[in-house]
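Trainee: Protein chains in written order, with our numbering: chain A, 2 to 152; chain B, 60 to 485.
Don't take every hint at face value.
To be verified - Here are the in silico distance ranges between beta carbons for each label pair: (1) B:Phe118 with A:Glu152: 48 to 54 Å; (2) A:Glu152 with B:Lys334: 51 to 57 Å; (3) A:Leu105 with B:Leu126: 41 to 47 Å; (4) B:Glu193 with A:Gln110: 32 to 38 Å; (5) A:Lys51 with B:Gly331: 45 to 51 Å; (6) A:Pro54 with B:Arg189: 41 to 47 Å; (7) A:Glu113 with B:Ala70: 55 to 61 Å.
Keep in mind the hints are simulated off the structure, nothing from the lab.
Just so it is clear, CB atoms sit at the ideal spot from N, CA and C, and this is done for glycine as well.
Given next are the chains, with one letter for each unit.
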Amino acid sequence: MSATEIDEINAELPHYEDKSAVSIEALKIVQKHRGWVSDDSLTAIAEYLKISPAQLEGVATFYNLIYRRPVGNTVIHVCDSVSCWMLGGDRLRDKLCRHLNVKLGETSQDGEYTVLPIVCLGACDRAPVAMVNGELRPDLTDNIVQELLGE
Amino acid sequence: MDRPLTQNIRADRDFATLADYRKTGGYEGLRKAVTDLGPKAVQQWVKDAGLRGRGGAGFGTGLKWSLVPIDPAPDHPPYLVVNADEMEPGTFKDRLLLEKDPHQLLEGIAIAAYAIQAQTAYIFLRGEYRLAAERLTRALQEARAAHYVGAHLLDSDFSLDIHLHTSAGRYICGEESALLNALEGKRATPRPKPPFAVVSGLWGRPTVVNNVETICNVPHILRHGADWYKGLGRGADAGTKLFGASGRVKRPGLWELPMGTPIREILEEHAGGMKDGYQLRGFLPGGASTDFLLPEHLDVPMEFDTVAKAGSRMGTGTIIVLDDKTCPVRMVLNLERFFAQESCGWCTPCRDGLPWTVTLLQDIVEGRGRPEDLDTLAGLTRMLGPGNTFCALAPGAMEPLQSALKYFREDFERYIFQNRPLKEAV
Chain A
2 MSATEIDEIN
12 AELPHYEDKS
22 AVSIEALKIV
32 QKHRGWVSDD
42 SLTAIAEYLK
52 ISPAQLEGVA
62 TFYNLIYRRP
72 VGNTVIHVCD
82 SVSCWMLGGD
92 RLRDKLCRHL
102 NVKLGETSQD
112 GEYTVLPIVC
122 LGACDRAPVA
132 MVNGELRPDL
142 TDNIVQELLG
152 E
Chain B
60 MDRPLTQNIR
70 ADRDFATLAD
80 YRKTGGYEGL
90 RKAVTDLGPK
100 AVQQWVKDAG
110 LRGRGGAGFG
120 TGLKWSLVPI
130 DPAPDHPPYL
140 VVNADEMEPG
150 TFKDRLLLEK
160 DPHQLLEGIA
170 IAAYAIQAQT
180 AYIFLRGEYR
190 LAAERLTRAL
200 QEARAAHYVG
210 AHLLDSDFSL
220 DIHLHTSAGR
230 YICGEESALL
240 NALEGKRATP
250 RPKPPFAVVS
260 GLWGRPTVVN
270 NVETICNVPH
280 ILRHGADWYK
290 GLGRGADAGT
300 KLFGASGRVK
310 RPGLWELPMG
320 TPIREILEEH
330 AGGMKDGYQL
340 RGFLPGGAST
350 DFLLPEHLDV
360 PMEFDTVAKA
370 GSRMGTGTII
380 VLDDKTCPVR
390 MVLNLERFFA
400 QESCGWCTPC
410 RDGLPWTVTL
420 LQDIVEGRGR
430 PEDLDTLAGL
440 TRMLGPGNTF
450 CALAPGAMEP
460 LQSALKYFRE
470 DFERYIFQNR
480 PLKEAV
């Protein structure tokens, strides 16, 4: 881990009663700097927090927003829950995937875009919605490719 | 002022700043609590006001607070945790409060923490709510600088720090005890109950977990009193509530209305009725884990006990509308896929029963359904029902299914016997 990563993890420590509680924060910090959490990163975090790599792996694979595989520069999360589904979210998602020539969970060949499904984003009055690198994109239409990729 | 929760939310500004919040009496409730009332009186005010939890279960908030054991000189004081992990499909109410008026939440947290004498509070925010995280972080800095949060806040003998924890995502984190495991840096599996969190919660300390909207009600009760608050409701339940509608209605959205507002008023007046060319077929009154109701239930008032009597739950109060051109069987399949995926896998009925439910529903819509599948599905709604699992995820998942089997049986049968939907899905 870099000095910056360790500093950021240390800044979280006083907020919790024990060191292992910082595991999710630590995974997020490392992912913020490296894009994903590699086996080496996972082992380094586990050593630093004095928990077993197996335990941390159990945590890392449990949560939706921790990536254990590399992702593209732009991560697109498309909502697949009920309100978006009713308003054609699946069809729009398929259109986006066809355009990028990826299946859900895959990264486009140029390494730019990863498309992932996500559960309800809490913007059902603006369905269908997606999230691009953490930013909400509501009111999607048949122009989804342009709306999300700006192409 | 009949819309206290949203009084500071205006179309002409992004969100209410500290100055905006103070203009409408902001932080005066906290001042009253710590200078005039004392913790026990604050609990009593909230009890008298009749505030019930807005996360879906409707447990009495003042009562929950009063269950925290009293220890005059604790080694470790209790914790307050705010559940801001809004992930119930169809639910989008807490986002508004978090993004548009962050100080309302912070004042509510300070008062609630004072009432249970917690010195540390956590806001457990879902990671996807990035805008909310930015605004809460800024608001927290302002509140600390203004002495509303921190050591000896408002020159009282009460000290409080508030930490913002952004989650890494999973629906199950919204379950109280799973949320506590997530805060402890573990997999978010629910804990067996008892002990309940108010006795043994975060790191084994007494912990109160309250929903965002619940906490946002508290400053107003302190400022204006229990009688005023009770007077806001139209029926048995007190206060106002954020109600919403999504699906094929003319104006999907969110409105703060009195508790006890009839569903018809929400869907017809506020949501503007159905979009042209669509009829109302049914609706889930309060999120994905509530039972379907029908147009015949439109005059039911939205409050905890009346919706329960009609056979469903008010839940989060955000209505998901089923129109006549959406297939209810496929809608239930979408819902059950969600629940199967989000099951933490900790207990067997949920881990195995939900994927089985999905398989059966998928077989039905893809033309492989058998007549006995409907009995198997009905059996699953009983096996995964209340009492057989550690938490409410699986029982919640069965609510839309059991009501769909009752109200939309024809749709299921048409797939099984004629291999096509009752109406062509659009």
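Trainee: List, from low to high, the hint numbers that the structure doesn't satisfy.
Mentor: Those not satisfied are hints 2, 5, 6, 7.
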